Structures are given as C-alpha cells and as structure tokens.
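Asks: Chains as they are written, first to last, in our numbering: chain Z, 70 to 250; chain E, 265 to 371; chain R, 74 to 216.
If you are wondering where the hints come from, they were derived from the structure by calculation, not from laboratory data.
You may find that some hints are simply not true.
Claimed, not checked - Incomplete in silico selection of chain Z near chain E, CB under 8 Å:
1) Val80
2) Leu93
3) Val100
4) Ala116
5) Pro117
6) Leu134
7) Tyr190
8) Ala201
9) Arg212
As the list claims (entries may be wrong) - Label pairs and their in silico Cβ distance ranges:
10) Z:Leu131 <-> E:Leu332: 21 to 27 Å
11) Z:Leu90 <-> R:Ile77: 28 to 34 Å
12) Z:Ile139 <-> E:Leu332: 32 to 38 Å
13) E:Phe300 <-> Z:Val186: 15 to 21 Å
As the list claims (entries may be wrong) - To be clear about the criterion: a stretch of chain Z counts as covered by chain E if any three or more of its residues have a C-beta under 8 Å from a C-beta of chain E, and this derived list gives those stretches:
14) 82-91
15) 103-115
16) 118-132
17) 202-211
Small disclaimer: the values here were computed from a predicted structure and weren't measured.
Built from N, CA and C at the ideal position, the CB exists for glycine as well.
In case you want the letters, here they are:
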Amino acid sequence: MFEFYAIMVFVIIGAVFAINLRGLLSSVVAVGAVGLGVCVMFLLLQAPDLAITQLVVEILCLIILIRATIGRGIARQQPQPSVWIFLVFVVFSFVFLYAAYQGMSEMPAFGKPIMRVSNYYIPNALSQVKAANIVAAIILDFRGYDTLGEATVLFTSVIAVLAIMRRKGRKKINERDESHS
Amino acid sequence: MDLVLFLIGLYAVIAKRNLIKKVIGFGIIEYAVNLFFVLVGYRMGGEAPIYQEGIAGQVFVDPLPQALVLTSIVIGLGTTAVMVGLCIRIYQRFGTFDIDEIRSLKG
Amino acid sequence: MSLIVKRITKYTVGLIMLYGIYIILHGHLSPGGGFAGGVIVALSFIHLVLAFGREDALKMIPGKFISLGEAFGGLLFLGIALIGLASGVFFLNFFHSKGEPFHLLSSGIIPLCNIAIGLKVGAGLFAVFMILSVFKIDDKEEE
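For reference, chain Z alone in the conformation it holds in the complex:
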C-alpha cells in the first residue's frame, strides 16, 4: 500500500509543476511525467493492458502537444487570476469534497469489490470464448458494441481535425491568405 501513496505524491507534485511553470515546453514535459506516473500506478494495480496503452497514448499526446507549442512558448508575465474566480473555485472544491465523502462511504471498502457481473465473465472467458486474456474477451466479445462506438469516435475525431484545419489548404501552400482581418 505504501507504494501507491508514494507514486500518487509524485504525480500530484508533477501536476502542480505542469500548471504553474512559465514556459510552455516545460509544462508539456511535466505532463509527460504525470502520464508516466499514472502508467506505473496501472502496473501496480495489476492492469498490464492499460499500462501498455497508456504509455503509447502518452507518447503520441506529447508529440502532438510539442508540435503545437514549439516556437510559441513565449514566457510572459502572467498576472494572478482575479479573486472572484479563486473564491468560486474554493467553494466548489469544498462542495465537491463533501459530496465525494458522502458517496465514498457507501462504496465497498478498498480492495474488496463486489464483482457481480465479473463473476459471470471470468469463468466463461475460458470455457465459452476460449481466450486467455479476459479483458480482450470482454471488449471484443461480451461488450463488442462499446468497441464499435469507440471506433466511430476515433473516425469522427479524424474528420473533425481535417475539417478544422482545412480552409487554408484549399489554395496552394505557398500562397498567403490576404483577405482576412
């Protein structure tokens, strides 16, 4: 149990650095450290599928963020956010923590989950589907419809990025668009 708390402290310190550093490139590196901490937490919680996926998705996310911020990370003096926003945030966080405390005292204790649905999935993954990896059997056989929805979301996000970045690309790349502002 001790290693859970140690890695969570590392992750929280990384997150505080990520949002408070001045230069944008350093913030992106700190987000990379947060993602690595989350990946190690997944390994400690006995979920190797998730750890592999989180690691490679983190790498891709970092590449995209660095392409957006390189050359533009001008560190300027940022004034403090206004007092109203800070007060609203403090009030909201108290309400949120109170609601979370009420909710979590109803949940089963940490480490003893109620596995009502999984008690059907675990024996049948070997006898009906004959797959060794239970998580793969769940996302592709018992709950394949969710995976179809996720493939649709990925396709939609590719089309959305194409639609956002498209207007300047209708002309040739060397011509400059003079008619705006």
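Use these hints to put chains E and R onto chain Z, whose structure you have.
Replies: Coordinates of chains E and R only, in the frame set by chain Z:
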C-alpha cells in the same frame, strides 16, 4: 488522493489564462478519472486478469473497469487532438494564446 | 536531421512495426490488443516522418494507403459485427470450433477484430499527425 489530482486539473481549466494550460488541465482531469475507475476495481492480493497455462485457481482483480478504461484512454487522445487543432487555428487567426487578448481582439 | 539519426531510423522502423503487429496478433493471449498495437504502428510511421522530413517520408509511404487503410479497417470491423445480425444478435461469435486456448488461432472472432481495429487506429492517428504537421510548418514559414 485521486480527487486532489482532479481538483488540480479543474483549477487549471478555470483559472489559467493561457490556452495551452487549459488543454493540459483537461488532460490531467482525464488521467484522474481513469485512475479512479481502476482503483475501484482493485482486489487485495489479486493478480492480473490473464489466464496462464497450467495454473488454475487464481484470484483475479476485477476486469470490467479495466475494459471500460481501455476505451476511455484512446478516446481521450482523440479529444486532445481536436483541442490542439482548435488552438492552432486560433493562433493563426489572432497571433496569441492569451484569452483576454483574444476577447478584446475579436472581430 | 543528422546522418546518424537517418541511418538508425532505417533499421529501427521495421522493428517497431514488427513489434506493433505482434501485439495486435497476440491480443487474445497476452496484454495489448488492437488499440495499443495500432498506436505503435502509427508511431513507426511518425518516426519516419520525424527523422526524414515531410517530403522525403511521403515518397516512402504512398498517400492512398493511409486513407484506404483507415476506411478498410472501419468497414471490416462493421462487417464482422453485422454478419451476426442474420441470427438476431450483434457480434455473434460465429466460428463454431473455437480451437484450444493458448494457441494463436483460437478464440473465434477476436483476432480478426483485433486486426481490423489495429488498421483503423494506426491509419487514423497517422492521418491526424500529418494534418496537424502540414499546416504548422506552413505557418512557421510565413512568420
């Protein structure tokens, strides 16, 4: 401890002025939520939910939240890509990443 | 990029893609599956682009392959889903003899689904990267 991570991400989204910091805040919120789901399904002394040849009678952790979170991680990547695309377009139009200047320059 | 990076890239791109295909194909036996493997295949293409620059890498990867690959992967997954509709249920695992567990060709429909998802995710994420990078370099030249 996980809720503290969520609150840090939420603070970044609301209170910071730079657009890229807001995108980073969204990323931190998404990591916190995925971690919370996997923490719910943990079982003390359990093992990874993969059958191995010749060994029977293992105690497994709950595989159902892991299946849901696997989908969620990849969708989070798609969301981040769309947000970064929007940020690049805003920078080409306005020349800055700061939302107060954008609010005064609009039009 | 410098000469050392280019030489090493020529040797490691094939290894990375091979590792990605291994993770996709063994998705039902060991951790991984279609999503992580697809992202690794996309990362191998991105490695080529980062080391060689956009124009040279686009000569090595045909452009039609990306859009065809993504569309084909999506349609294959949807087709596998709809075949079972004749029996009234989505995603029927229609291979009746599912083979022995722990072998490569076991567990029915799952390897085919993994391959379809791997194609779709790989081609789609590489397309997103190319879109975000083409317009960015454009913007830097004009400043």
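Asks: Now tell me if each hint is right for this structure.
Replies: Quick rundown of the hints versus the structure:
Annotation: interface hint on valine 80 of chain Z holds; nearest CB of chain E at approximately 6 Å, less than 8 Å. Annotation: leucine 93 of chain Z was flagged as interfacial toward chain E, and the flag holds, the nearest CB pair being 5 Å apart, inside 8 Å. Hint status for valine 100 of chain Z: holds, given a least beta-carbon distance of 5 Å to chain E, under 8 Å. Annotation: alanine 116 of chain Z was flagged as interfacial toward chain E, and the flag holds, the nearest CB pair being 5 Å apart, inside 8 Å.
A hinted interface residue such as proline 117 of chain Z counts as satisfied when its beta carbon comes closer than 8 Å to some beta carbon of chain E; here the least separation is about 5 Å, so the hint holds. Using the Cβ-Cβ criterion of 8 Å, the hint placing leucine 134 of chain Z at the interface with chain E is satisfied: the shortest such distance is roughly 6 Å. Using the Cβ-Cβ criterion of 8 Å, the hint placing tyrosine 190 of chain Z at the interface with chain E is satisfied: the shortest such distance is roughly 7 Å. Checking alanine 201 of chain Z against chain E: minimum C-beta separation of about 5 Å stays under 8 Å; hint holds.
Interface hint at arginine 212 of chain Z: satisfied, since its Cβ lies 7 Å from the closest Cβ of chain E, which is below the 8 Å cut-off. Taking the beta carbon of each, leucine 131 of chain Z and leucine 332 of chain E are about 24 Å apart, inside 21 to 27 Å as hinted. For leucine 90 of chain Z paired with isoleucine 77 of chain R, a C-beta distance near 32 Å keeps the hint of 28 to 34 Å intact. At about 35 Å, the beta-carbon gap between isoleucine 139 of chain Z and leucine 332 of chain E stays in the expected band of 32 to 38 Å.
Roughly 19 Å separates the CB atoms of phenylalanine 300 of chain E and valine 186 of chain Z, a value that falls within the hinted 15 to 21 Å. A count of 4 residues in the region 82-91 of chain Z with a Cβ less than 8 Å from any Cβ of chain E is obtained; the coverage claim is therefore met, three being the minimum. Residues of the region 103-115 of chain Z lying with their CB closer than 8 Å to a CB of chain E number 7, which satisfies the three-residue condition for coverage. Chain E is given as covering the region 118-132 of chain Z, and this holds because 7 residues of the stretch bring a CB closer than 8 Å to a CB of that chain, at least three being needed.
Check result for the region 202-211 of chain Z against chain E: holds, 5 residues qualifying (beta carbon to beta carbon below 8 Å, three or more required).
In summary, the structure agrees with every hint in the numbered list given earlier.
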